[in-house]
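Each chain, written out:
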Amino acid sequence: MIKSQLACLMKKHTLALIIIILMIILSKALCLYLQSMTQYSPYLSEGGHKRFLQLLDDSQGMTLEERTEFISVKQMTATTADMQEAIGRYTSLLQGCYWVKGYTDYSKSGHGIIDMQLPYDLVSNKEFYASLETPTVIDTDPYYRLLRLLTFDISPVWVMLLIGVFSADGYEKRVNKQIDISKNVKSYYLAHIWVCAAATAFIFTLSFLGDMLLSGAFRREYLAASFQSTGLSGNLGTTVFGSIILLFFMGLFSALLCMLVFELTARLVCSVKRYILVSVSFIGFMTALAYYIKPLMPFMFTALRDKGELLNLL
Amino acid sequence: MRLFLFTFKKALKPALMITLAVTLLSCVLLGVTAKSEYAFSESYTEAFETLDKKKAYTQISEKTAVYEKARSDLAERVNNYIAKKSSFGKPPPTLPEGLAAAVIRNSQKGEGFDSGDSEMFACMLANLKDSAESSELINDKLSAFSRNARRGVTDDYSLAFSAVLTEDYGEVIKMQERESRLYDTRAANAFTGFIENDRLDFVLCFLLFFGTFSSELQSRRLSAFALTKAGAERFILSKLLSNILISLTAFGVYYLSLFLLMCALGGWECLSMPLQYLKGYELSSFDLSFGGFCLSVFLLKTLSVLLVSAVIMLLSFLFRRNIISGLVCLLPAGLIIGLQAYDSELAKTICCKPSYLLGGEGYLNIFGVPFPVTLLYVLVYSAAVLMVLITVYARSQRRELS
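The listed protein sequences correspond, in order, to chains A and B. The first sequence: position 69 = 69 (the numbering used here), numbered continuously. The second sequence: position 262 = 262 (the numbering used here), numbered continuously.
Check before you lean on any hint, since a few could be wrong.
To be verified - Computed cross-link-like contacts, BS3-like style, restricted to lysine-lysine with a CA-CA straight-line distance of at most 25 Å:
1. 294/A with 10/B
2. 84/B with 173/A
3. 229/B with 294/A
4. 348/B with 301/B
5. 294/A with 126/A
6. 74/A with 348/B
7. 108/A with 90/B
8. 9/B with 229/B
None of these hints come from the bench; they were simulated from the model.
Produce the entire structure from the sequences given, and follow the hints as far as they go.
Put into structure tokens, the structure is as follows:
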């Protein structure tokens, strides 16, 4: 049964699959175009970025104190504008690391604060802050680029189209009535759901891997650094790689939940017009709720969400 | 007429259901937006009522200055300590115990920490700032015009522009001088902020109209109507007119509900407040009260909703299947929602941003003449709505339908 369903999806609905892939590519292309309109990197010029990567290579494996000494020596010998720009970025990231180290030290031992700005729940959430690892200086650009690409993740829209073409259209033509009088009711629906879930998971994974490749998140050895090294204010006690995995699984589960809800909707309403009405309402309502009531954002699985904000809320 | 009533009655019930659902969500979201402003409800109202109209801004500035001074003193102590102890090439110094305790007290939220009143007065100051500074900003602008005249600016457009604007601002200043009350602008600001970035009205247009004609084509009802005495052409015309009426009714219900919620939160008296007291409208050249502003925004937004509805109806006519029509009709609604994030003048005009149409100087240079932006918007949008509707009707003349 699964084989026949899969063949039906691949052969009969090839056009829909191509449209979905084109939609995803178009959204990523739009994202890249908008990024190129602003700047190569959120903080550095192209030359400055190269110098910055060189500085990171030279200071690999150093502690924060050793990095401070290293960058102060470089600062004294810097001559070109690119180098000064790179040193400026390195110093500000290093300052951020000391800031995080300051309040984690305070949570552990009661002293160590270096700045007036502190998380507003430092005292009430002391144990969590004490468990955080000391961050280190990393190239944050690929991470920000990945978050921007993921902001253009339109998975609820393409899941809606996929289920619309694969299920809702058939239910409108009363395929379900034919199935109900046959002997294969259970195996048909099970196979149907499995194929839908596999297609959703495959397309989502493909799109996420594409985002990773485009952002350059595979390139540098920054994955093992603690999440606080990215400069985001989220309370995540994990590594950068851990946060990427978290984003992937959250996206995947959202897409699968979305698929199940839309499939159920298609089965209940048995009309493409009503299916679109309900599914777009779902997407619109959840997006509006996620946008205006921030604490609800992680639970709004059919919403088009900003992933940077999502990480800050976790 | 019978056909029109038939199509209207048939479409009204589901349309009202959808409208009510979207309206309910919008009202909840407006309530949530306004909630942050109403966090200090009772103490805020008590403190607000004791203020004198003319000196209110100064009184609150003095109160917030006390909190600000305590904060800046602490910042100075911290900075002095860091400047004294830090050395080049060494890690930043850690704060001593007493200073660190003061920093913790200042930065944490909750019981036992310095917060509450300072936030409330800061919020009040931000609300009073607009009404206190409006006339000052307008006078600055007018004095800049007279300075230009003294410098000998002879450009025709500049002279005409300053003459028109001086006249408009004169009316605004007269209106502000007549005012003797102090207005609580929290609800009005929440309402204007919400309407400024409202995207749900366009989602409503999509939900109401994406399948208008595609479902008729898919179910072959149009072909069936073509065989009747009335013909497909009259059926399409009556459906078009009834949908326009439904679009007006739906947006009316939507906007009126938000407006009534705002009135329930802020009271009816705020409707007589000058428009310039609102956040982002300090330099508006329109001598409108807030009630007049709400009505103008309703009329302007109605035009944009009509255009989006008409475009969606046109697109739904181009496809014979609901699923494709639904996907394609998402584009205009998605485009206009996406454009709201952009800061260009064209994007603001297309999305009907009230702060651009009614909150600024309000004139554009068209062939050397200062032309009102709002009038231009109304003319262009009315023409566009008519053109799209005529195009939809023209499609009903096609041979395969009749």
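Hints versus structure:
| no. | hint | verdict |
| --- | --- | --- |
| 1 | 294/A with 10/B | violated, 39 Å |
| 2 | 84/B with 173/A | violated, 80 Å |
| 3 | 229/B with 294/A | violated, 56 Å |
| 4 | 348/B with 301/B | holds, 12 Å |
| 5 | 294/A with 126/A | holds, 24 Å |
| 6 | 74/A with 348/B | violated, 47 Å |
| 7 | 108/A with 90/B | holds, 22 Å |
| 8 | 9/B with 229/B | holds, 21 Å |
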